[in-house]
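Going down the list, the sequences are from chains L and G. The numbering of the first sequence is numbering that gives the first Met the number 0, which starts it at 0 and goes up by one. The numbering of the second sequence is numbering that gives the first Met the number 0, which starts it at 0 and goes up by one.
For the record, the hints were derived by calculation from the structure and aren't laboratory data. Honestly, I wouldn't trust all of these hints.
Once the Cα atoms are required to be at most 30 angstroms apart in a straight line, the calculated DSSO-like pairs of lysine-lysine come out as [to be verified]:
hint, chain 1, residue 1, chain 2, residue 2
1, G, K134, L, K208
2, G, K217, L, K319
3, G, K134, L, K319
4, L, K15, L, K265
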Amino acid sequence: MKFTNRKKIFRLILEKIPTVFWILLLMVIYFSVSSSNFLTLGNAINLSRQGAILLTLCLGVVVVKITGGMDLSNGAVMSLCGMIMAWALVNLNVPVYLAILISIIMGIILGTLNGFFVSILGIPSFIATLGTQGIAVGLSLGMNNGNVIAGLPKVFYEIGNGSILGIPCPLWISLLVFALTNLILTQTPLGVYIYALGGNEEALKLSGKPAWIYKILAYSYSGLTAGIAACILTSRNMAAQPTVGSGMEFEAFAGVVLGGSFIAGKGTAIGAVLGALFILVLRNGLNLLGIPTYLQLAIFGTVLINAIVLSTLVERWVQKMRDEERE
Amino acid sequence: MDQQTSKKGEEVVKSQSRNESNRVWKYISRFSRIGALVLLGVAISLLNPNFLKISNIINVLRQAAPQIIISFGMTIIFLTGGIDLSLGSVVTLTSVIAGYFLTQTSLPWWCAIAGAMAVGALSGFITGQLIAFVKLPPAVASYGMLWVGKGIAFAIMGASPFFSFADQFRHLGRGYFLGIPMPIWIVLVIALILGWLLKYTTLGRSLYGIGANPRAAKASGIKVSRTLVSAYMLSGTLAAIGGIILAARLNAVDQDLGASFLLPAIASPVMGGTSMAGGQGGVGGTIIGSLIMIVVTNGMNLLGINSLWQQLVTGVVVVLSVWLDVVMRKRN
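Chain L with its partners taken away, still in its complex shape:
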């Protein structure tokens, strides 16, 4: 009896805390033992400033991923939002809050375009977001002839580089986005419908709910986070670069998958955060250990695959235990 209890507790721990958390913990311990610079306040602050961008993107992608879709456009959308924001700041002299609003609205517009393609035109999300990626890349390259926009106002610097109460602003922003995502996914009817879209779209439609609107909203939300991430990124660089976000979409995708969103209908905001942290810590740790770039790539891929394999195996084991207990 006691034995089964202990087994049950073990099962509950594995079930409630995502596997990626344990791997992350192991990684943090390993890096802090092998590099004296890893577990320092300076590195933590640096990591949180850089990481806030990926973190914010992941929190948008996870919502799309739960509905069973994929967003390949957010890296390019982020670049475009940054370009438009910087253009407005430099050429129109708009106040900073208005520029931020422009960036966020632009993100929402492009995200909604994705949603329109997927939900109303019925194009597979992979292709639809790929098309939006092309549109966004073309626009951000074309609008300033492929050049960087620099010379942003000093006030703008604070968003990416300032601190409030000793905590870097980007971290505050990504924490807010995390709170918002978590709230939407767990506390609102919209969250229920988003999970339902991934779990069984037909059932949601048959229950009389306008499933197509929820689908569009999921993509719009991902666009919104891309717009917010663009503010952080542009402020950190104090310049907008037209191709700065390329490749970020795949990193965000990897983070979300690592955080437990393997299939449609699964995934949480906290999982997305842990997945993003995993990627950030791995990159940062490998850099601090002084491992050459080419090896970093191979190690990154191998660790990624192994972490995902391990998470899947644990999930399957938990499932088996649950079935046994039921019997």
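Guided by the hints, dock chain G onto chain L, whose structure is given.
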């Protein structure tokens, strides 16, 4: 009694006319992509007559060859309902391996080809194992392999790119046979082999079966895991062939060679009517899909459109043509 028969007669006539219109739609949808390609060609040649010059067309086809072959690989994976994000980095890896054999060893040139194809197959084998036996989602498994392949390619190459290969090897990319460039011959041969493989062999039919309904495929005795691994090995090998042709044409390899091929390789089969959900499509459509993308790019160059805006046009063309396909399929 008379009324009834006339009513029946009316119904027969109605259903006949419905069949008729269905058949017309089927006909249109089957040739819609070729029609789109022809329309595009006519529009561009009206704007710039240079497009229809034989030399331009042969040049376009020669440049299209690697992309078509890599898209063939993706088509096979799409038929099973999967996706292979690692194909771009497999192209880089295999061309680097070929370059390594050609410039750093004294082995004959065909060893380089064999080595590159073997590495492509091996990479596909690993991806296939992860998908078929560990049961990872295809996008996830192949995304991990993307980084592994890229890293190994970087590690082999170090800082300096490989260049100036043996003439026999370069012949594959630049040579002619009966007045037609070698890459076009290679595409034709591969297309014929794959067309036969998909239509007439057990492996080919199993691929469609798995994509259409994995459970039914398993129940009807198809060895699902083994077939999946074969599919990924095949697509890895095709990516290797694409990489070889690319290396032979450019006479050099570098670390960013393959990355730009991934997205066209995803878009081309879909534009050619292969369903990403699996079970539908084939290599013929992929050729048309690739050609549409290549013609759009070539046309924009001929029309002098700034290369900065070209991605936007490509994005719009991809979305529009896939939407057209979705609409056509709904009508049927």
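How the hints compare with the structure:
no. : hint                : result
1   : K134(G) <-> K208(L) : 33 angstroms, violated
2   : K217(G) <-> K319(L) : 23 angstroms, holds
3   : K134(G) <-> K319(L) : 16 angstroms, holds
4   : K15(L) <-> K265(L)  : 14 angstroms, holds
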